[in-house]
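*Asks:* With the sequences and hints as input, model every part of the structure.
Protein chains in written order, with this note's numbering: chain A, 1 to 134; chain B, 1 to 134; chain C, 1 to 380; chain D, 1 to 380.
It is worth saying that the hints were derived from the structure and are not from the lab.
Where is the CB? At the ideal position from N, CA and C, for every residue including glycine.
Misleading hints may appear alongside valid ones.
[What the hints assert, rightly or not] In silico lysine-lysine, DSBU-like type, Cα no more than 35 Å apart, as pairs:
1. Lys-23/B with Lys-182/C
2. Lys-248/D with Lys-109/A
3. Lys-6/B with Lys-23/B
4. Lys-62/A with Lys-109/A
5. Lys-174/D with Lys-224/D
6. Lys-14/B with Lys-26/B
7. Lys-14/B with Lys-264/C
8. Lys-264/C with Lys-174/C
9. Lys-23/B with Lys-34/B
10. Lys-298/C with Lys-36/B
11. Lys-188/D with Lys-109/A
12. Lys-33/B with Lys-271/C
13. Lys-104/B with Lys-188/C
14. Lys-14/A with Lys-12/C
15. Lys-12/C with Lys-36/A
16. Lys-12/D with Lys-224/D
17. Lys-248/C with Lys-62/B
18. Lys-109/B with Lys-248/C
19. Lys-264/D with Lys-188/D
20. Lys-264/C with Lys-6/B
21. Lys-14/A with Lys-264/C
22. Lys-298/C with Lys-40/C
[Stated by the list, open to error] Okay, the calculated beta carbon distance ranges per label pair:
23. Glu-123/A with Gly-299/D: 38 to 46 Å
24. Asp-33/C with Pro-176/D: 52 to 60 Å
25. Glu-134/B with Gly-299/C: 38 to 46 Å
26. Leu-121/A with Gly-155/D: 35 to 43 Å
27. Ala-82/B with Gly-299/C: 46 to 54 Å
28. Gly-98/D with Lys-248/C: 30 to 38 Å
29. Leu-190/C with Glu-55/A: 48 to 56 Å
30. Lys-26/B with Lys-271/C: 46 to 54 Å
This is what each chain is made of:
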Amino acid sequence: MGKLGKVDFVPFSKVDGIEERLKEGKISATRCKKCKNIYLPPRMDCPECLDEEMEWVDCEGKGTLVTYTTIHAAPAGFEDDAPYTICLVDVEGGGRLVGWLDGKEEDLKIGMGVSVGIRDLPEERMIYFVTPEE
Amino acid sequence: MGKLGKVDFVPFSKVDGIEERLKEGKISATRCKKCKNIYLPPRMDCPECLDEEMEWVDCEGKGTLVTYTTIHAAPAGFEDDAPYTICLVDVEGGGRLVGWLDGKEEDLKIGMGVSVGIRDLPEERMIYFVTPEE
Amino acid sequence: MRTGVIGIGHGKFGRREVTVQELAFEPFREALDDCGLHQKDLDALIVGSSPEYHRQRSLSGVVAEYLGMNPKPTFLVEAACASSSAALATADAYIRAGIYDTVAVLGVQKMLELSTPEILALMGRVGDVQWESGFGTTFPGYYAMFAHRHMYEYGTTREQMAAVAVKNHHYGAKNPNAMFQKEITAEKALASRMVASPLTLYDCCANADGAACMIVTNEETAKKADTPIWMAGLGSATAPMSVLRREKLSEIPSAIDAARNAYKMAGIEPKDVDVADVHDCFTIAEILAYEDLGFCEKGGGGKMIEEGETHIGGRIPVNVDGGLKSKGHPVGATGVSMAVEAVKQLRGEAGERQVDGAEVALMHNVGGIGQYCFVNILRR
Amino acid sequence: MRTGVIGIGHGKFGRREVTVQELAFEPFREALDDCGLHQKDLDALIVGSSPEYHRQRSLSGVVAEYLGMNPKPTFLVEAACASSSAALATADAYIRAGIYDTVAVLGVQKMLELSTPEILALMGRVGDVQWESGFGTTFPGYYAMFAHRHMYEYGTTREQMAAVAVKNHHYGAKNPNAMFQKEITAEKALASRMVASPLTLYDCCANADGAACMIVTNEETAKKADTPIWMAGLGSATAPMSVLRREKLSEIPSAIDAARNAYKMAGIEPKDVDVADVHDCFTIAEILAYEDLGFCEKGGGGKMIEEGETHIGGRIPVNVDGGLKSKGHPVGATGVSMAVEAVKQLRGEAGERQVDGAEVALMHNVGGIGQYCFVNILRR
Ligand SMILES: [Zn+2]
Ligand SMILES: [Zn+2]
Chain A
1 MGKLGKVDFV
11 PFSKVDGIEE
21 RLKEGKISAT
31 RCKKCKNIYL
41 PPRMDCPECL
51 DEEMEWVDCE
61 GKGTLVTYTT
71 IHAAPAGFED
81 DAPYTICLVD
91 VEGGGRLVGW
101 LDGKEEDLKI
111 GMGVSVGIRD
121 LPEERMIYFV
131 TPEE
Chain B
1 MGKLGKVDFV
11 PFSKVDGIEE
21 RLKEGKISAT
31 RCKKCKNIYL
41 PPRMDCPECL
51 DEEMEWVDCE
61 GKGTLVTYTT
71 IHAAPAGFED
81 DAPYTICLVD
91 VEGGGRLVGW
101 LDGKEEDLKI
111 GMGVSVGIRD
121 LPEERMIYFV
131 TPEE
Chain C
1 MRTGVIGIGH
11 GKFGRREVTV
21 QELAFEPFRE
31 ALDDCGLHQK
41 DLDALIVGSS
51 PEYHRQRSLS
61 GVVAEYLGMN
71 PKPTFLVEAA
81 CASSSAALAT
91 ADAYIRAGIY
101 DTVAVLGVQK
111 MLELSTPEIL
121 ALMGRVGDVQ
131 WESGFGTTFP
141 GYYAMFAHRH
151 MYEYGTTREQ
161 MAAVAVKNHH
171 YGAKNPNAMF
181 QKEITAEKAL
191 ASRMVASPLT
201 LYDCCANADG
211 AACMIVTNEE
221 TAKKADTPIW
231 MAGLGSATAP
241 MSVLRREKLS
251 EIPSAIDAAR
261 NAYKMAGIEP
271 KDVDVADVHD
281 CFTIAEILAY
291 EDLGFCEKGG
301 GGKMIEEGET
311 HIGGRIPVNV
321 DGGLKSKGHP
331 VGATGVSMAV
341 EAVKQLRGEA
351 GERQVDGAEV
361 ALMHNVGGIG
371 QYCFVNILRR
Chain D
1 MRTGVIGIGH
11 GKFGRREVTV
21 QELAFEPFRE
31 ALDDCGLHQK
41 DLDALIVGSS
51 PEYHRQRSLS
61 GVVAEYLGMN
71 PKPTFLVEAA
81 CASSSAALAT
91 ADAYIRAGIY
101 DTVAVLGVQK
111 MLELSTPEIL
121 ALMGRVGDVQ
131 WESGFGTTFP
141 GYYAMFAHRH
151 MYEYGTTREQ
161 MAAVAVKNHH
171 YGAKNPNAMF
181 QKEITAEKAL
191 ASRMVASPLT
201 LYDCCANADG
211 AACMIVTNEE
221 TAKKADTPIW
231 MAGLGSATAP
241 MSVLRREKLS
251 EIPSAIDAAR
261 NAYKMAGIEP
271 KDVDVADVHD
281 CFTIAEILAY
291 EDLGFCEKGG
301 GGKMIEEGET
311 HIGGRIPVNV
321 DGGLKSKGHP
331 VGATGVSMAV
341 EAVKQLRGEA
351 GERQVDGAEV
361 ALMHNVGGIG
371 QYCFVNILRR
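*Replies:* What follows is the structure in structure tokens.
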């Protein structure tokens with residue numbers, strides 16, 4: 001699938017267009033052409049109108065910290081990364097994403113403004129990174 | 001578990017006594033002390049009287065061929081063994097077992113008499129072998 | 001109180017480059033369209049699937065979310081290859097109990113996202129893992145042993161088995177949702193490579209991705225539909241998982257028991273069946289099904305296919321949707337797929353595959369190597 | 001038409017060196033003994049389990065065989081950690097529909113036969129595998145994020161969470177079936193190693209092998225039992241699997257919906273509950289449960305544990321069997337385990353853990369991270 005995340009569990013998805021957009025540094029959602037609902041994580045079927053006419057929209061990469069945790073007991077594939085801090089971010093323009101913190105857990109405050117970027121990982125994979133704003 | 005079969009899927013079972021008996025060359029069943037039912041494959045709980053008082057009984061290793069097949073498309077762990085022939089044998093004294101054929105599939109006739117022995121495999125594992133009788 | 005089917009949907013079976021929830025969405029949308037309902041009109045989603053094939057754990061929760069079914073209840077029902085027939089029977093129970101009025105039953109399976117080694121490892125655990133799998137038994141291997149036994153007891157031939165494959169591919173060629181839409185010849189089938197003697201490649205169905213969906217509802221609501229189809233008889237039974245504990249190996253005992261229960265509930269006899277979908281995971285399985293369902297006497301299955309009695313125009317047309325053999329067998333989707341085809345036949349919407357005037361349809365869905373069987377009878 | 005519980009059985013939870021079917025046999029035997037029935041008196045076996053943990057595929061078929069249930073029907077019901085509550089609800093549906101009279105509901109899970117790498121790999125796929133798991137989310141990690149959000153919104157403290165662990169171990173020490181039969185101190189809990197901040201080891205329940213069984217039957221048959229216990233309210237609901245699609249993260253929305261449905265069906269209010277088992281997979285989960293079930297107002301959960309309102313003698317004693325926290329959490333067995341404990345309380349057979357005069361018991365069983373919740377109310 002879209003090369004998003006450190007480990008890949010899903011080889012195929014209708015959302016395969018995301019890979020290219022990630023490479024271009026875009027944080028992308030999909031929007032139903034019919035009902036205009038925005039989906040982040042993106043999806044290609046609209047559960048509202050049951051339609052599959054979707055278009056890509058890009059987000060600014062700004063958002064609000066919803067919650068977070070630092071993982072000390074890591075699952076397979078993440079042993080060497082622990083401890084790492086996972087952040088949930090409500091993105092301006094709609095939707096939510098999960099990203100890794102660039103910074104210290106101590107500096108986080110739920111509700112604070114954050115910016116979201118994309119970083120390269122080994123094996124051509126990419127991951128969202130979250131940076132607290134001043 | 002009991003080291004029976006080429007690949008082990010079940011690390012624990014109440015039937016762990018079978019390992020020792022296999023090493024002694026014994027084809028063993030269990031018998032409910034209460035209702036005297038014989039179980040091959042062996043089990044330690046009697047579904048008839050819901051009791052768990054079981055004792056081991058040994059079989060002669062003689063039986064009748066119930067059916068067979070030669071596996072050409074092998075599952076994981078058996079790639080190097082294929083083709084191998086699997087036989088189901090109704091054992092004298094009660095119960096049925098699955099074993100590998102020592103011989104040619106062409107020589108098999110359902111209903112024929114067979115004898116069953118135990119052979120060693122690598123990594124201390126053991127397997128039932130079935131030999132057609134004259 | 002009867003349960004009625006008012007909406008059906010069926011996706012394309014085969015290799016599908018989508019996620020399992022995307023796969024599920026297709027027939028779900030089609031089934032809602034078919035009956036003009038929306039998610040808000042549904043009381044629950046019951047998913048039939050065999051979870052071992054998915055990387056996504058606890059499938060029904062993810063699928064419910066993707067289909068827009070939250071906060072409606074959902075759970076998964078599993079009975080191996082008969083999972084979605086078990087789901088359908090369970091939906092019927094919830095509706096007849098008056099707990100839910102209208103339920104979406106979804107059969108879905110994404111089999112082809114696992115790697116080949118993962119699939120081979122899974123295949124190695126198809127039987128009783130304690131006493132059988134360590135000897136390298138396989139799914140085709142079990143049915144191969146049933147075939148050898150049936151050949152021994154009744155003189156069934158490889159040619160008769162091949163005739164099942166030829167028939168099912170003949171009809172599958174007319175089914176746009178089938179994985180393989182092409183005819184085959186007996187010669188080609190008989191000459192294909194051996195998988196587990198006496199079964200060759202063409203005796204075996206193929207793994208596939210697939211999904212099918214059905215909207216079922218209570219009698220009152222169903223009566224308002226244009227052509228409600230009624231769930232008239234539901235039977236289910238089990239047999240020992242282990243072939244080491246089965247008395248006979250030339251039959252599927254759970255099928256015999258399930259059929260008896262279904263016929264009794266529907267108040268019919270085998271001869272009243274107009275069209276049937278039976279579980280032809282292997283060609284021998286269809287021959288066993290003829291006998292276990294009472295379509296012919298014990299041992300008469302080989303002759304029944306030979307004489308064309310299960311072709312359209314024959315006594316009881318069987319698998320005229322192509323069967324598992326040509327549709328492919330997306331484990332958890334197969335039961336609802338059979339039921340969707342039955343509904344099409346009873347509505348008279350089966351096109352080139354239509355059995356004229358079909359009033360009673362039967363589905364025979366075997367789980368695993370017969371540890372489960374579900375027999376459902378639908379009527380117009 | 002009400003469904004009644006007439007037989008219960010509960011095995012020892014923990015590391016058990018037996019197969020999954022041997023594990024299942026123990027409480028099944030106990031439950032049959034408890035009501036004086038035999039397999040022939042049962043119409044079906046419904047198994048609740050999470051299949052991902054077993055090497056044996058299609059569990060219910062193997063278990064049905066081992067329990068001597070062939071040819072009776074069986075199938076498996078899965079809703080992650082709430083699998084056997086879903087199985088119990090399904091048994092109720094089959095019985096109220098009149099399809100079966102008497103059903104054995106078995107919750108069973110063998111978690112500790114997988115290797116550590118296998119378990120770690122499984123743990124890595126606990127969330128939405130498409131959008132979340134690739135970031136290294138874990139099961140404790142999700143609840144940790146709920147905890148941080150709850151701390152932020154309501155000022156809940158780590159000490160309040162530790163108090164849940166202390167309470168549940170206190171009662172678990174009196175439960176011979178619990179995995180951990182020993183008391184702990186708040187100091188020890190707070191000082192234990194961090195798993196996913198702010199949750200430490202003692203905030204988390206442990207994987208365990210375990211099984212529990214329940215014989216349920218129709219009203220007519222149940223009335224003949226000495227002390228039938230009635231299934232008075234069954235509620236279930238879902239929420240998005242993905243935390244990326246949940247509106248609030250300081251509650252389990254499916255629990256709120258399921259509780260509403262269950263209270264309505266039982267015709268009671270939260271204050272009428274005499275004793276409850278709630279899904280304390282993590283200490284924060286028990287605090288969320290108090291609020292979601294309406295035992296206290298939103299945000300009041302921390303204070304409720306602090307003030308001892310959920311101890312025996314308090315307003316609503318919760319998890320006085322030790323909870324998942326001290327019993328261990330054999331995923332598929334947990335729902336029936338809760339129900340078995342509820343029946344003991346209502347029969348007055350809970351020994352040292354008895355809540356005097358308990359007439360109404362509630363079980364709250366969450367699947368996964370809240371994608372499912374089942375709330376069942378039993379009464380004497
Ligand atoms: Zn839309
Ligand atoms: Zn006995």
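*Asks:* Failing hints, ascending?
*Replies:* Of the numbered hints, 1, 7, 12, 19, 20, 21, 22, 25 and 27 do not hold.
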